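Listed below are the residues making up each chain.
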Amino acid sequence: MLKTFPKGGIHPPENKITSSKGIKRMTVPKVVNVPIAQHIGIPAEIVVDRKDKVEIGQVIAKSGGFVSSNIHSPVAGTVTKLDLIIDSSGYKKQCIVIRTDAKNPSNFEEVKEPLKMDIKLEPKEILQRITDCGIVGLGGATFPSQVKLNVREGTVLDYLIINGVECEPYLTADHRLMLEKAEEIVVGIKILMKALHLKKVVIGIENNKKDAINLFKKVINKEDGIQVAALQVKYPQGGEKQLVRAILGREVPKNGLPLDVGVIVHNVGTIFAIYQAIQYNKPLIERVVTVTGKKLDNPSNFWVKIGTPIKDLIAEVGGLPEGTRKLVNGGPMMGKAIKNTDVPVTKGTSGILVIAEEEASRGEAKNCIRCGECVYVCPMGLEPHLLMNLSEKGLYERASNEDIMTCIECGSCSYVCPSHRPLLDYIRFGKNIVKKLETSKN
Amino acid sequence: MTDSVLYSVLLLVSLGVIAAIVLYIVSKKFYVYENPLIADVDELLPGANCAGCGSPGCKSFADKLVNTEDISELFCPVGGNDVMKMVAELLGKEVAEKDPTVAVLRCQGGCDVRPKTTEYQGPRTCAISAMVYGGETDCQYGCLGDGDCVKVCKFDAMYMDKTTGLPVIITDNCTSCGACVEECPRDIIEMRPRNKRDLKVFVGCLNEDKGGIAKKSCSVACIGCSKCEDICPKDAIVMVNNLAYIDPVLCTLCRKCVDVCPTHSIIETNFPPKKVKKVVEKKVEVKVAVVKEQIVTESKKSKTDA
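Order-wise, the sequence lines are chains B and S.
Residue numbers are given in the working numbering: position 49 of the first sequence equals residue 49, and the series is strictly consecutive.
Residue numbers are given in the working numbering: position 197 of the second sequence equals residue 1197, and the series is strictly consecutive.
In short, the hints are calculated from the structure, not lab data.
Check each hint, because a few of them may be wrong.
Cβ pair distances, simulated, as ranges [said to hold, decoys possible]:
#1 Cys-371(B) with Asn-1081(S): 54 to 60 Å
#2 Gly-1211(S) with Asp-342(B): 17 to 23 Å
#3 Asp-1198(S) with Arg-50(B): 26 to 32 Å
#4 Val-47(B) with Lys-1151(S): 34 to 40 Å
#5 Glu-1043(S) with Lys-393(B): 30 to 36 Å
#6 Asn-1067(S) with Gly-249(B): 44 to 50 Å
#7 Leu-1253(S) with Thr-439(B): 51 to 57 Å
#8 Lys-336(B) with Ser-1219(S): 27 to 33 Å
#9 Lys-336(B) with Asn-1049(S): 36 to 42 Å
#10 Cys-1225(S) with Tyr-376(B): 41 to 47 Å
#11 Thr-439(B) with Lys-1234(S): 37 to 43 Å
#12 Thr-439(B) with Gly-1212(S): 35 to 41 Å
#13 Lys-393(B) with Asn-1081(S): 35 to 41 Å
#14 Lys-1234(S) with Lys-336(B): 57 to 63 Å
Far from chain B by the CB rule (all over 12 Å, computed), these chain S residues [to be verified]:
#15 Thr-1125
#16 Ala-1127
#17 Val-1132
Please read these numbers as outputs of a predicted model, since none were measured by experiment.
By construction, the Cβ of each residue, glycine as well, lies at the ideal position given by its N, Cα and C atoms.
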């Protein structure tokens, strides 16, 4: 029996159409819109001005505080304006618009990066480099990595878990990255082992990616302390708390972090970004994005520059098919519908999903029939129907007592509800208000 | 037979007496003194329990009025100055007179002028759709049209206009309790003074985008051209973030700004229809006069005929 987390979980159709498509390099976009708030925490501060010439990898916005991150120019070109552009939040946000210099060869030449095994930097330098290169968690939450790795002295830390689960349906970005850059990822893991003085690492991969599991088993054969764990296919196994529970059997406390039970979790994409930052001093200016959808002509995985408008990606896969109803930034479960195709790719964009008319409708919300399905599937052991009612009626204090804040917003409850009730919508709303109330109290 | 009747009557009477004694003792022992003034003041208050004053209900507001020394800061928006004056007389305290206010909707972006560019499928409340994204149109400042303000209004002073998709405020019913202002996630409802005959001039837009973008998303948007600011004789109009704001205190309701606004985003309410300009009038007058004469004579004829 394969390992998994015990509470709840669902198994939506996988639809991993693009899992056999190699990662292609996207044509360099003519214009990039780089938002300054791509990570959780304080937005970065812009350090360039209109008409400035920028090089690839130049810092264009500096980290604005402790929980923040640097942002680098993904292309060589000219800053044309600092404008407000709708990003995936659905609101206009400050962006740096850079026009790519078509004559600058550095934009178009393909840099060959052979595998570099030996790690020269010292642990402190490694953390500094990660900070400088603006690495954030690429699994979707975009939490600045240096904050996660900044372990206070005295904290017991014995495991590093590498998240290669990719439990979201449709998405294959991490899967392809693991297949194509397995050796680099292992070096990346060693970098972190050195930085954190760790001895034990587990790479968690769901069993629907057998090729990746076998490949890693081969690559790490000789290494000490790194293991691969094949996991049962179940959503939301990619959630930190679920993954720690599945692999190590440790329960992360209610409002705590994996660090409280001596574990740090990092996504494979982040590990690869760390590898590039340490070995090649390359900042985080591009990432793997899966562009997928059942009706697309040519769905695939791409290396995409941060700030590329989504319309360029759509054009790359053959344009929007007829009958498209919804565009989702991310996977179908946790992704967010986007407002128009000018929305730029950010550090947290793992996929663009094109949903057709027949799949996009939500169904009319009916009364709760008390079937208890939502309680059964909740991976956090909450009662979604109750939390929804509480936030709908404005009983935020009670909702807070019912642990509304521990909800990981995986959407399993809304997925299984036979009455199509908007459970997650209301829970998210309640969480927002509870968070506001809590901050105003402190 | 008579015994059982007698016993039951006696039993009930004694039970009653015991209960009366217990109740009497309890009411004496646990007596809580309440200032009788509170009940009197509560009587004067409108009893709407709308919480517009800041207290949860009229009773607690009455309590507050009686127990605070200086009540000049307290105000019942529903009762207005009349009620506050009566309360002040009763309590022998001083109250500050406030200009009556009324809620106005600072958005004119109906379906016809502000086209929808996306479709929202989630639950139909403004609070949630505001959390998710900027709304179904390209204007992220204007009305979301899901009617949270209407749901929260206790005085039937608002309804959703089905053709425009915007809420409408019935000024006569509005008590300016401020519930809708609180509820609106976009802050498009503003309390403005209820002038004589309910005359108001205000900017019906909150779009802070640059002119072109604003105009593209909504044809009656304020484009920040500052024409109104230039023409205002009282300097009552300020431009902040590409958006005009008319200060209700400085504004003398001269309506010069209304004419000059290129997108008609300044709203005037309850003014009598404007006279047509004199130059135009003169030219038309002759014809009108002739026509009128004809009509008059004709009608006279018909009358005499009859």
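Do the hints match the structure? See the list:
| no. | hint | result |
| --- | --- | --- |
| 1 | Cys-371(B) with Asn-1081(S): 54 to 60 Å | holds, 56 Å |
| 2 | Gly-1211(S) with Asp-342(B): 17 to 23 Å | holds, 19 Å |
| 3 | Asp-1198(S) with Arg-50(B): 26 to 32 Å | violated, 48 Å |
| 4 | Val-47(B) with Lys-1151(S): 34 to 40 Å | violated, 46 Å |
| 5 | Glu-1043(S) with Lys-393(B): 30 to 36 Å | holds, 32 Å |
| 6 | Asn-1067(S) with Gly-249(B): 44 to 50 Å | violated, 60 Å |
| 7 | Leu-1253(S) with Thr-439(B): 51 to 57 Å | violated, 42 Å |
| 8 | Lys-336(B) with Ser-1219(S): 27 to 33 Å | holds, 29 Å |
| 9 | Lys-336(B) with Asn-1049(S): 36 to 42 Å | holds, 40 Å |
| 10 | Cys-1225(S) with Tyr-376(B): 41 to 47 Å | violated, 59 Å |
| 11 | Thr-439(B) with Lys-1234(S): 37 to 43 Å | holds, 41 Å |
| 12 | Thr-439(B) with Gly-1212(S): 35 to 41 Å | holds, 37 Å |
| 13 | Lys-393(B) with Asn-1081(S): 35 to 41 Å | holds, 36 Å |
| 14 | Lys-1234(S) with Lys-336(B): 57 to 63 Å | violated, 47 Å |
| 15 | Thr-1125 | violated, 8 Å |
| 16 | Ala-1127 | violated, 6 Å |
| 17 | Val-1132 | violated, 6 Å |
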